[in-house]
Amino acid sequence: MTTPPMLRQLRHDVWATERLVAHCRQLSTAQLELTVPGTYGTIRRTLAHIVTSDEGYLTRLLGALLHDPPFRLDHEVTLDEAAAHLAHVKDGVERLFGGGELDADRLLRDTPLRRPGDPRFEMNAWAPLTQFVHHGSDHRAQIETILGANGLTTPDLQVWPYAMELGASREAKETR
Amino acid sequence: MTPPMLRQLRHDVWATEQLLERCRTLSERQLELTVPGTYGTIRRTLEHIVGADQRYLSRFMTIPEPMLREDHDVALDEIATQLGKVKDGVEKLFAGTEFDPDRVIRDPRRKPTDPPLLITAWVLVTQFAHHGSDHRAHIGTILGAHGLDTPEIDVWAYGNANDAVKETT
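Chains as they are written, first to last, in this note's numbering: chain A, 1 to 176; chain B, 1 to 169.
Just so you know, these hints were derived from the structure itself, not from any lab.
We put the CB at the ideal spot given by N, CA and C, even for glycine.
Just so you know, not all the hints are guaranteed correct.
[To be verified] Dumping the calculated BS3-like pairs for lysine-lysine here, alpha-carbon to alpha-carbon at most 30 Å:
{"no.": "1", "chain 1": "A", "residue 1": "Lys90", "chain 2": "B", "residue 2": "Lys166"}
{"no.": "2", "chain 1": "B", "residue 1": "Lys166", "chain 2": "B", "residue 2": "Lys87"}
{"no.": "3", "chain 1": "B", "residue 1": "Lys111", "chain 2": "A", "residue 2": "Lys173"}
[Said to hold, decoys possible] Distance windows between CB atoms, simulated:
{"no.": "4", "chain 1": "B", "residue 1": "Glu167", "chain 2": "A", "residue 2": "Gly98", "range": "28 to 34 Å"}
{"no.": "5", "chain 1": "A", "residue 1": "Ala87", "chain 2": "B", "residue 2": "Asp88", "range": "38 to 44 Å"}
{"no.": "6", "chain 1": "A", "residue 1": "Asn150", "chain 2": "B", "residue 2": "Gly96", "range": "45 to 51 Å"}
{"no.": "7", "chain 1": "A", "residue 1": "Gly41", "chain 2": "B", "residue 2": "Gly96", "range": "43 to 49 Å"}
{"no.": "8", "chain 1": "A", "residue 1": "Glu165", "chain 2": "B", "residue 2": "Glu91", "range": "29 to 35 Å"}
{"no.": "9", "chain 1": "B", "residue 1": "His72", "chain 2": "A", "residue 2": "Arg115", "range": "49 to 55 Å"}
{"no.": "10", "chain 1": "B", "residue 1": "Glu91", "chain 2": "A", "residue 2": "Arg109", "range": "29 to 35 Å"}
Construct the entire structure; sequences and hints are all you get.
This is the structure we're talking about:
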C-alpha cells in the first residue's frame, strides 16, 4: 500500500528533530543557552518550542490530549524531556495516519488544549498539518543558524540523508 | 478533496511570494545583508529557494526555459517571474492523474561519470517543502537581526487568507 505523502513529510520532520536533539546532546549547558538576534531564542528553548508545538498540532488533529497534563513551555525543558515528548509526537503522527490518508478538509472546531477565556479557532485539518511541517523546518533552521554563527557543527537535516537511510534515494548500479 | 501535499506546496509557494513582496520594499544595500550561520545574502537566498524549487519540479516535468541560474545576482522581478513557473509546476504536478509518490525517477548527475541517482517521487516533494521553510527562516533571521520587519508567512496567516482558519466567538 502506498504511504501517504503527508505521512512521509511528517516522518521526515520528526526524524530531523530527533537528529537535531541528538546533535544538541553533545553541547554544554552554556552552549544550549546560545542564541543570535533574529531567531526565536536559545537552542534549548527553541527545541522545546518545536516539540510542544508539534504536540499541540497533533492534539488538535486527534481531538484528544496525547497525555495529561499536556506538555507546555512553562518551565526550562531538558533535552531528555524534549526527547521523551518527541516520542509522543512520533506515536501521534503514526496514529493520525493509522487509517491511511486522512480527511484534510475536515473541520476542526476546537482543541482540547484551549484554556478558559482563550479564543476558539475553527480550521480545516490541512492547516495544522501544513503548519506542523513549516514550523519544524523554520525553527530547526534557526537552531542551525545559532550553531553555525557560533562556530559549531550543524547536522544535515535535509530529506536527502533521510531518504538515503531508507533506500528511497540511491545510486543506480550501472555507470552511464 | 485537495491532496494534503498540494496544500503544503501551495503554502510554500505563497510564503515565498509573500517574502519576495516584503523584500521588494528593501533597498539594494539591504538585499545584500546577511548574518553568520545563514545561507548568504537575502537576494542570493531568494534565488536559491526558487532555483531549487525549479530543480525539484524539473525531475517531474519540463520547466519553461530559461530556468533560474544561481551563478549571478538576479533582480527580484526576475525571481518573481521564475516563481510563477514554480507555481504553475506545482499545480501541474497534482493535476489530472493522481500523484504517484512511489514512482522512481532516474536522475542524471552533474558529473557524467557518476552513476545516476534513483529517487522516489515523495523524496522530492518532501524536500521541496522542507527546503523552502528552511531558507525562508534564514531570511527572517537576517531581517530580524537588522531590525527590519518580518512578514507573517506561517500557515495560520495563509489559512486566514484562504478562509480555512477562523477565530469564532
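Hint check results:
In summary, the hint linking lysine 90 (chain A) to lysine 166 (chain B) is supported, as the alpha carbons are separated by about 28 Å, within the 30 Å threshold. Straight-line distance between C-alpha atoms of lysine 166 (chain B) and lysine 87 (chain B) comes to about 26 Å, which keeps the hinted pair within the 30 Å bound. Distance check on the hinted pair: lysine 111 (chain B) and lysine 173 (chain A) sit about 16 Å apart at the alpha-carbon level, within 30 Å; holds. At roughly 30 Å, the beta-carbon separation of glutamate 167 (chain B) and glycine 98 (chain A) lies within the given 28 to 34 Å, and the hint holds.
For the pair alanine 87 (chain A) and aspartate 88 (chain B), the supplied restraint of 38 to 44 Å holds, since their beta-carbon distance comes to about 41 Å. Between asparagine 150 (chain A) and glycine 96 (chain B) the C-beta distance comes to about 49 Å, which sits within the given range of 45 to 51 Å. Distance hint check: the CB atoms of glycine 41 (chain A) and glycine 96 (chain B) are about 45 Å apart, consistent with the given range 43 to 49 Å. The beta-carbon spacing between glutamate 165 (chain A) and glutamate 91 (chain B), approximately 31 Å, falls within the hinted interval of 29 to 35 Å.
Our hint of 49 to 55 Å for histidine 72 (chain B) and arginine 115 (chain A) holds, since their Cβ atoms are close to 52 Å apart. Range check, glutamate 91 (chain B) to arginine 109 (chain A): about 30 Å between beta-carbon atoms, so the 29 to 35 Å window is met.
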